[in-house]
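Protein chains in written order, with the numbering used here: chain A, 786 to 982; chain B, 786 to 982.
FYI, nobody ran anything at the bench for these hints, they're computed from the structure. Be a bit skeptical, because a hint or two may be false.
If chains are identical, the list can't say which one is meant, so a pair holds when it fits in one copy or spans any two.
To be verified - Okay, derived cross-link-like pairs now, DSBU-like style, lysine-lysine, Cα gap no bigger than 35 Å in a straight line:
#1 K982 - K933
#2 K880 - K926
#3 K982 - K926
#4 K929 - K880
#5 K982 - K809
#6 K929 - K805
#7 K929 - K982
There are 2 protein chains.
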Amino acid sequence: MKKVITISREFGSGGRTIGKEVAKKLGYEYYDKEIIEKIASESGLSKSFIEENAEHAPGTNIFSYAFVGRNENGESISDYLWKAQCKVINDIAEKGNCVIVGRCADYILLDRIDCLHVFVHADMEKRIDRIINLYGETNEKPEKRIIKKDKKRKANYKYYTDRTWGMSQNYHITLDSGVIGIDKCVDVICNLAKDLK
Amino acid sequence: MKKVITISREFGSGGRTIGKEVAKKLGYEYYDKEIIEKIASESGLSKSFIEENAEHAPGTNIFSYAFVGRNENGESISDYLWKAQCKVINDIAEKGNCVIVGRCADYILLDRIDCLHVFVHADMEKRIDRIINLYGETNEKPEKRIIKKDKKRKANYKYYTDRTWGMSQNYHITLDSGVIGIDKCVDVICNLAKDLK
Numbered sequence: 786m787k788k789v790i791t792i793s794r795e796f797g798s799g800g801r802t803i804g805k806e807v808a809k810k811l812g813y814e815y816y817d818k819e820i821i822e823k824i825a826s827e828s829g830l831s832k833s834f835i836e837e838n839a840e841h842a843p844g845t846n847i848f849s850y851a852f853v854g855r856n857e858n859g860e861s862i863s864d865y866l867w868k869a870q871c872k873v874i875n876d877i878a879e880k881g882n883c884v885i886v887g888r889c890a891d892y893i894l895l896d897r898i899d900c901l902h903v904f905v906h907a908d909m910e911k912r913i914d915r916i917i918n919l920y921g922e923t924n925e926k927p928e929k930r931i932i933k934k935d936k937k938r939k940a941n942y943k944y945y946t947d948r949t950w951g952m953s954q955n956y957h958i959t960l961d962s963g964v965i966g967i968d969k970c971v972d973v974i975c976n977l978a979k980d981l982k
Numbered sequence: 786m787k788k789v790i791t792i793s794r795e796f797g798s799g800g801r802t803i804g805k806e807v808a809k810k811l812g813y814e815y816y817d818k819e820i821i822e823k824i825a826s827e828s829g830l831s832k833s834f835i836e837e838n839a840e841h842a843p844g845t846n847i848f849s850y851a852f853v854g855r856n857e858n859g860e861s862i863s864d865y866l867w868k869a870q871c872k873v874i875n876d877i878a879e880k881g882n883c884v885i886v887g888r889c890a891d892y893i894l895l896d897r898i899d900c901l902h903v904f905v906h907a908d909m910e911k912r913i914d915r916i917i918n919l920y921g922e923t924n925e926k927p928e929k930r931i932i933k934k935d936k937k938r939k940a941n942y943k944y945y946t947d948r949t950w951g952m953s954q955n956y957h958i959t960l961d962s963g964v965i966g967i968d969k970c971v972d973v974i975c976n977l978a979k980d981l982k
């Protein structure tokens, strides 16, 4: 039984929904936005700052320019945030029986053998349908929203892990939720989590 | 039921074994080296030439320099070989109920909706063990053999498809056979092939 399941996902692929369902089926804790709060209390940084910066590679957004200074340990604000994020994710994993969505958890927990690392993706058309259904229309075209969001996740992942986001070798299993369907993705992940030592 | 299963794989990951087992379980035809013979009879090129060049991106090996000329249709030898390969793969898929290993079949059959596209990988240590068990020791270090082989596959895939070999978005499912195990990979693929429309 794998005690920790990390789910990385393209925006609009249904990765969060899959994560929630997997947690429900396995009776695991589900962590997504809750992690932000934990990082805030760990680091003393504000939730909004963490939310903004945990999604951006340092230097890719104008806000980070205000924080290029270093603290008394010589750490930049991004190093400091990353350290707090690693601590929070490791603490959650140590408790076990959990699903963690996003936040480079696959990389942070690389050395643990009780994890199943998952990546979920889908083609653009399916993701556009999904985000319009879930979040409604905005002034920004859905395709542009998706590309922007994924670009940030990719840059953030590259910066902190030096790996390519979405490369199959980073994960134990990757799934095309558009072709396989949300429910079947949930089943495949739950069965693997149960079957693997 | 998916009628065509393509399996791309890292060298030493057990992708061929998985492909054979999947074909056996589903009662499908299995195509791997048989494709070389079909391309030979389709193109009139020799098996050894095809074997050498189907694995190399044009220009990455010394043999291809001997064939940089173009035929009466203005095609280079690589274009000609690729066209024959596409025809053979499409013909096999058209017959249905088959497993095709390698040869960029995931890309060639991109427009068919009756396919399940799979990529299999494993970490270096597991692959080294596997190739020593299967093929024995050679003068060349196993790690070097693996890196060389994968480098060629990657370059070949990039040249013909303009996509990155191993990127999860190219496949419906990717599996780490080292962690999941060969038998369970076979089960997951067979179940998906049966369950999906």
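Problem set entry | Same-copy or cross-copy closeness of K880 to K926 [CA-CA at most 35 Å] | neither (41 Å within a copy, 41 Å between copies)
For this session: Tell me, please, which holds for K982 and K809 at an alpha-carbon limit of 35 Å: within, between, both or neither?
Result: both (20 Å within a copy, 27 Å between copies)
Exercise. Are the CA atoms of K929 and K880 at most 35 Å apart within a copy, between copies, both, or neither?
Worked result: For K929 and K880, the Cα distance exceeds 35 Å both inside one copy (38 Å) and across copies (40 Å).
For this session: Indicate which option fits the pair K982, K926 if close means a Cα-Cα distance not exceeding 35 Å: within, between, both or neither.
Result: between (44 Å within a copy, 31 Å between copies)
Exercise. Taking 35 Å as the upper bound on the Cα-Cα distance, should K982 and K933 be classified as within, between, both, or neither?
Worked result: Between. Shortest inter-copy distance 32 Å satisfies the 35 Å Cα cut-off; intra-copy 38 Å does not.
For this session: Have a look at K929 and K805 and pick one of within, between, both or neither, based on CA distance no larger than 35 Å.
Result: The answer is within: 26 Å in one copy meets 35 Å, while 42 Å across copies does not.
For this session: Check K929 against K982 for me: Cα-Cα at most 35 Å, and say if that holds within a copy, between copies, both or neither.
Result: Cα proximity of K929 and K982: across copies only (31 Å, versus 41 Å in one copy).
When each numbered hint is compared with the structure, violations occur for hints 2, 4.
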